[in-house]
Amino acid sequence: MPIRILLADDHTVVRDGLRALLERQPDFLVVAEAADGRDSVRLAEEQSPDVVVMDIAMPNMNGIEATRRILAANPATAVVILSMHQDESYVLRSLKAGAKGYLLKDSLRSDVIEAIRSVAQGRSFFTRKVGRILQEDYIRQLERRGLDDSYDLLTDREREILQLVAEGRTNKEVANFLNVSPTTVETHRTHILQKLDLHSVPELILYAVRKGIIS
Amino acid sequence: MRGLIPARYAIAKRRKAPWLVLWLGFGGLLVSIVAAAAGTLISLDRVSKDETHIRKAFFERLGALDQIRAQIYLSGTYVRDFLLSPEPTIAAAETTRLAGLERESRAALHAYSQTLEPQEREAFQALQSEIEAYWQVLERTAAWTPEERHRLRDSFFYDELVPRRNAMLQIADRIAIANERALNRAEEQLTASSEGLRRTLMATFAITLAGGLLLALLTIAYTLRLEHELERRLEENTRARADLQELSAKLVRAQENERRALARELHDEVGQSLSAILMEAESAACAEDLHEVREHLGAVRTLAEKTVNEVRDLALLLRPSMLDDFGLVPALNWHAREMTKRTGLNVVLSADDAADDLPDEHKTCIYRLVQEAVNNSARHANARTVEVDVKREDQRVRFSVRDDGAGFDPRFVRGLGLLGMEERVRRLGGRIRIDSQLGRGTLIAAELPLPELARKEDMAQRNGHNAHTHSVG
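Residue numbers (this note's numbering), protein chains in the order written: chain A, 1 to 215; chain B, 1 to 473.
Note that these hints are calculated values from the structure, not bench results.
Treat the hints with caution; some may be incorrect.
As the list claims (entries may be wrong) - On the chain A side, residues computed to face chain B include the following (Cβ under 8 Å):
#, residue
1, N62
2, H85
3, D87
4, K96
5, K105
6, D106
7, S110
8, R128
9, G131
10, D137
11, I139
The beta carbon of each residue, even a glycine, is placed where N, CA and C say it ideally should be.
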């Protein structure tokens with residue numbers, strides 16, 4: 001079964017390039033192309049793609065709002081953002097909207113392919129450059145405020161769980177992977193959020209990206 | 001420490017008082033002139049009426065007195081005729097005529113007593129008793145027989161009647177003299193009262209004239225002051241216009257500089273990178289082996305990546321897309337991070353989420369103000385930390401930028417940036433305060449009122465993000 005893909009970008013050149021790249025993969029199938037946010041929501045509903053590759057800056061509706069609507073209608077769809085914005089506000093809001101991956105327009109093409117495969121399997125994917133930029137910002141902020149890196153507060157087990165959760169795994173998957181009960185995983189997760197002063201899984205993922213724990 | 005928004009509301013209030021004085025002054029003057037004229041007319045009328053009345057009364061009394069005199073003379077004649085006439089019938093007729101005369105003279109006396117002046121009362125009473133006695137004497141003769149008349153007539157006539165008549169006439173003369181004196185006195189009184197009237201008139205005119213002069217002086221003074229103020233305003237206006245021209249010239253220059261910088265950026269950076277890409281692509285097309293092609297394509301990739309970054313930075317510098325995509329707070333956050341990254345300035349932003357959903361104009365205004373202020377803190381003030389505060393209240397949004405830098409004296413420093421801030425805030429009907437002192441840092445605080453409509457729209461949009469945005473991507 002091929003991975004069914006919807007491309008959403010208002011620039012035809014980008015869509016054509018992407019289509020050419022993706023169709024070289026035997027297990028990829030581009031089922032539709034949308035030129036704006038509203039179109040992408042409509043086509044996602046019609047085609048029920050496995051993965052949507054979404055630009056943020058689009059007319060009529062931006063990609064983040066489109067992501068929110070697509071996932072509200074069909075949570076099984078995975079969205080990868082492919083944007084020129086590398087600021088953390090875009091990354092965090094994309095995560096909050098439910099996107100699983102974040103790519104920059106100057107990311108390596110191999111990254112695009114890897115990202116689509118990852119999110120199709122329910123894993124997160126962030127291009128290395130985003131991770132690096134966010135990490136630099138984060139370190140700078142810590143230095144500026146004279147704060148210690150709260151990552152040091154985490155136990156080895158908690159770090160392990162942080163990475164697995166950030167990669168997009170559910171509590172049950174993590175529990176199976178580590179051979180513990182899902183309740184234990186949930187407890188660890190709560191501790192992690194408390195220690196890092198985070199409030200949601202998207203924030204946790206952003207943190208993991210900043211720390212270079214995932215990419 | 002100076003606020004920079006001037007207030008000029010006191011003038012309108014101050015203007016009312018002189019007008020009131022002028023209105024009251026002119027009104028009072030007019031009323032007093034009209035009142036003086038009316039009073040004079042009434043007084044003149046009264047004087048002339050009094051004069052007529054006095055003359056009339058005098059002549060009436062004079063007439064009455066003459067009548068009384070005539071009656072006295074006539075009575076003498078009648079008595080003489082009666083005493084001389086031997087015929088009883090003629091005598092009887094004379095008696096009847098005498099009786100009529102007596103009634104007439106009593107009536108005349110009574111009439112005179114009505115208009116009696118106090119100073120002639122004594123003389124008049126004397127006259128009255130004389131006349132009464134006279135008539136009684138005459139009545140006595142009426143009862144006389146013809147012989148008695150014959151016998152006694154001479155002695156009666158010369159000893160009694162004539163002296164009595166003379167006495168009466170003397171009294172009447174006295175009364176006439178008194179009467180004339182009274183007339184003179186009354187006329188003197190009239191003269192005195194018209195003299196008084198003249199004086200009153202003079203005084204009134206003097207007062208009116210003085211009041212008019214005073215009023216004229218006041219008016220002139222007021223007019224001069226107005227003229228002075230007008231001149232001052234004109235001067236102020238001219239100065240303001242010159243300021244404005246200078247400001248707009250500065251703005252035009254600033255805009256031109258910005259365009260120049262942008263053009264240079266596009267040409268020097270983006271243009272160069274694109275030219276390089278072109279050359280690499282051509283080299284790749286002409287390359288002999290695959291390895292060389294890969295090398296050239298790798299260079300193209302690196303250059304393209306660089307160009308994408310440059311274009312994005314340029315676009316963000318012109319207008320951060322977060323402002324349109326997510327709202328004010330993420331845009332301010334981004335700007336704070338960028339400043340920290342580029343200059344090392346520690347920007348601490350505290351803003352509530354409610355500040356995200358503001359009307360477009362307000363978002364832009366606040367963003368530009370904060371951007372300008374933070375840039376100033378970094379560039380001119382050498383600040384280490386800048387605190388940015390944005391708070392949305394029910395009807396307005398307040399924001400402030402405070403730094404710990406060198407500060408400046410707002411009385412002398414009026415850069416384009418500060419003027420631009422004031423202009424942006426003023427256009428949205430807000431207020432701005434710029435507090436700074438050398439060595440004490442700078443605080444720029446402003447508040448913008450939120451329009452009713454925008455508040456409602458915001459409430460409606462609070463749940464979903466604005467979906468109608470498009471930025472360069």
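Hints, one by one, checked against the model:
1. At its closest, the beta carbon of N62 (chain A) sits 6 Å from a beta carbon of chain B; the interface hint therefore holds under the 8 Å criterion.
2. Contact between H85 (chain A) and chain B, as hinted, is supported at the beta carbon level, the nearest pair being about 7 Å apart and thus within 8 Å.
3. For D87 (chain A), the shortest C-beta to C-beta distance to chain B is roughly 5 Å, which falls under 8 Å, so the interface hint holds.
4. Look at K96 (chain A): its Cβ only gets to about 11 Å from chain B, farther than 8 Å, so that hint breaks.
5. With its C-beta approaching chain B no nearer than about 6 Å, K105 (chain A) sits inside the 8 Å limit, and its interface hint holds.
6. Taking 8 Å as the C-beta contact cut-off toward chain B, the hint placing D106 (chain A) at the interface holds, the least distance being around 4 Å.
7. With its C-beta approaching chain B no nearer than about 12 Å, S110 (chain A) sits outside the 8 Å limit, and its interface hint is violated.
8. With a least beta-carbon distance of about 13 Å to chain B, the hint placing R128 (chain A) at the interface is violated under the 8 Å criterion.
9. Interface restraint check for G131 (chain A): the shortest CB-CB distance to chain B comes to about 16 Å, outside 8 Å, so the restraint is violated.
10. A distance limit of 8 Å between C-beta atoms decides the matter here; for D137 (chain A) the minimum to chain B is near 6 Å, and the interface restraint holds.
11. For I139 (chain A), the shortest C-beta to C-beta distance to chain B is roughly 11 Å, which exceeds 8 Å, and the interface hint is violated.
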